[in-house]
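When you get a sec, could you build the whole thing from the sequences and use the hints?
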Amino acid sequence: NIGQNLVFKDDGPSISTTGAEPTLTVDETLLATDATQSYAANFNSAFGADGAGTLTYALGVVAGASGLTDTASGEAVNLSLNGTVVEGRTALGNQLVFTVSVAADGSVTLDQLRAVVHPDPTNPDDSTSLTSDNLVTLTATITDKEGDSAQATLNIGQNLVFKDDGPSISTTGVEPTLIVDETLLTTDDTQSFAANFNSAFGADGAGTLSYALGVAAGASGLTDTASGQAVNLSLNGTVVEGRTATSNLLVFTVGVAANGSVTLDQLRAVVHSDPNNPDDSRTLTSDNLVTLTAIKTDGDGDSAQATLNIGQNLVFKDDGPALSFGNLIGTGSVLAQSGFWNMATGADGLGAAGLDISLVNNQFTLVRPDNTTTTGTGTLTELAQSPDVNGAYQFAGTLTGDFDNNGATANTTVDYTLTAYADGRYALDLVQGFSSTIVLSSADGSLAAGGPDSVRTLLIPQTSNPAIPSTSEEIVFFSAKALASTADILTGIGLGAPDPTEAALQTNPLPSYIDPAAMNVSTSGIGVGNNVFQGDNLAAISAADESFVINPESLLTGMKVFIDNSVAGYNTATEDLYYRIYYADGSNSSLVEVNTLTPEAGGQVSFLVQKEGTTLIDAVQLTMGRGDVKIPVIQFIQQSESLASDVQLAFSATLTDKDGDSATSTFAANLFANDPANATFDFSLVGTIGKQDAFNIDLSVNENLYQVSGFDVGSGTQDKLVLNGDPNAVVQSINNTGADSVVTVAETGGQTTTITLVGAHVQSTDIFFGSA
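At position 176 of the sequence shown (counting the first as 1) the number is 426 in the working numbering, and the numbers step up by one without a gap.
Since the hints were made in silico from the structure, they are not lab data. You may find that some hints are simply not true.
[To be verified] Keeping only pairs whose Cα atoms sit at most 35 angstroms apart, straight-line, the calculated DSBU-like set for lysine-lysine is:
| id | residue 1 | residue 2 |
| --- | --- | --- |
| 1 | 810 | 861 |
| 2 | 395 | 259 |
| 3 | 731 | 861 |
| 4 | 567 | 810 |
Remember, it's a predicted structure, so these values are computed and weren't measured experimentally.
Here is the structure:
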């Protein structure tokens, strides 16, 4: 039997690995896109003689660490086999990061669900894989028809490639402009540039978005106004700075906040090119001199950046100067009259030209009493010392015209000054004033009936039947005791008007300050007891010296005393003649010795008694301390306003800043003449509605009734009432019970000035004291 000697050996299947293995690459940029590759060709197999059975594929895993890290959680990714699928899950949170699966045909699919950390932050397309190839395996099993099988395994752990997804960023949209205005130098401008960057973090998730400024160090194209130096750019830490080239003064800064907001802060003014536009704008010479870069960094440290040029997004607006002059309303007074002004030089500061004032067209207008007009000519120039150490701008000029409204006389010229003070006041000073001089002489007078007495009254001009009261000027002479006090003498003079009369002084007994010796008033000599004015032989004033007081009815600006050449004239070396002035405000001068003489006709000499300041002379006391003189004549001098027409002056003022911008203000100085035809008011001053006016009242003159029209009381154009000539005057009352305000001013000389303001109610805060 050989049946079992017949042996049939089996033929099993065979399989082996072969060829280059494919790589499965997923990209986090497209996280939803899987990678599938067929590994079928990487297995070489045969079923053998038993014929075809099956060919299957299975994945294997070394459970545990994969070497990958989940980006979002920062946890390690561990490997495990879930059924037939390899899973990578976070170590703690068990979040599914990726899967690897194999299909029946040997196709392997890598599906990434969460981003993993990539080591190179400088490469947003960086790749990573498992730490070892054998961590994931693919096994192919071949089984023949009778069930024999064979298998082969590929290590594919490092065939699984995870490409990085870096962030993205680009510029977009219309960039904002940062505008600072030198008018408000402390106000910065901030604008957000965040919307001008379009960005995404990508699959690695959010990291950071930061902003940084850059600069092309060097010239900016701007010039610092105050120093005239170029402005250079530099980067100080994270802040762009513009500094003066030589002195390194900080002109502006540009900073950026974490949220992409950029702030422009201007600290010093810069030069603007257009002097005709005080709102002119400047920027840097090139847009790329300052840059703003946004940097996007994702969860695993990859970054991308985009840059905007913003140099010309930085705009610096000019700040022009401002200037405003109010009108001056006044009279032809010799006192300085006031107006008000204000200026602002702005951030650029005051230019070399400073403030300039001109008389418009070098002419002015005269308004006649019948309201016809004529013009005069004028000049106005700035003085060399302007502005002075106190900041006052000083101008001087002349006015030439027919001021007395008399075609038969030549036009006259008066000098004037215009001074703009730093405190906001300006003054127009008519140096001589529109004045005329009235001279009365004792030689033209006649004595009132009576005498010889210690008190005599001289009437000028003389009358055929001299009596008191008189329409003539009444001049009271009284003998005075040389050592009487000034207070006692003032009692005899009286303060203000009316003066004590001869009858009031010639009492029985006489006042203590009046000498009983008769007062001699004649052209042969004015003296005490006789026509010779005598002192004793002592240099000092004593009780034996003669003295008398001259008290005219009117207030004077001066008095001229003549001495003839009889009794040997007056020798200043050996004789002593004194005078003392009693002023209208109750004050008096010191005792003044006569040492300066002026030659006169017929061998006579004279000396002049003049007021000092603006207060008028009420009376003069003469005292002969030593020697003898003969005084034949005394002249009484009154300067009075002779302005017959209103004067209208138009001025134009210009203020220029350091970069050439200018502001202009026109204003008027309207001077009103005394109106003798007006029985109610001495002066009628008319202002301009809606314009700030300063109405000047002269308290130094006899005229004391004023009417003011056009007085504004609204905010912004509040007018002012300026009282000149008596700093010690008192505003006695302001009566606002009617439609008009009536202001009553009590002067120190006893005169009362009344000011009626038509249709306006003024307050005490509207009244100012001006020049003395």
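Now for the hints, and whether the structure bears them out:
Under the criterion of a C-alpha separation no larger than 35 angstroms, the hint pairing residue 810 with residue 861 is consistent with the structure, at around 12 angstroms. The straight-line distance between the Cα atoms of residue 395 and residue 259 is roughly 15 angstroms, inside the 35 angstroms bound, and the hint therefore holds. Pair hint residue 731 plus residue 861 holds up; C-alpha atoms about 24 angstroms apart against a cutoff of 35 angstroms. Using a Cα cut-off of 35 angstroms, the hinted pair residue 567 and residue 810 is violated, with the two alpha carbons roughly 67 angstroms apart.
Against the hints set out earlier in the document, a violation occurs for number 4 only.
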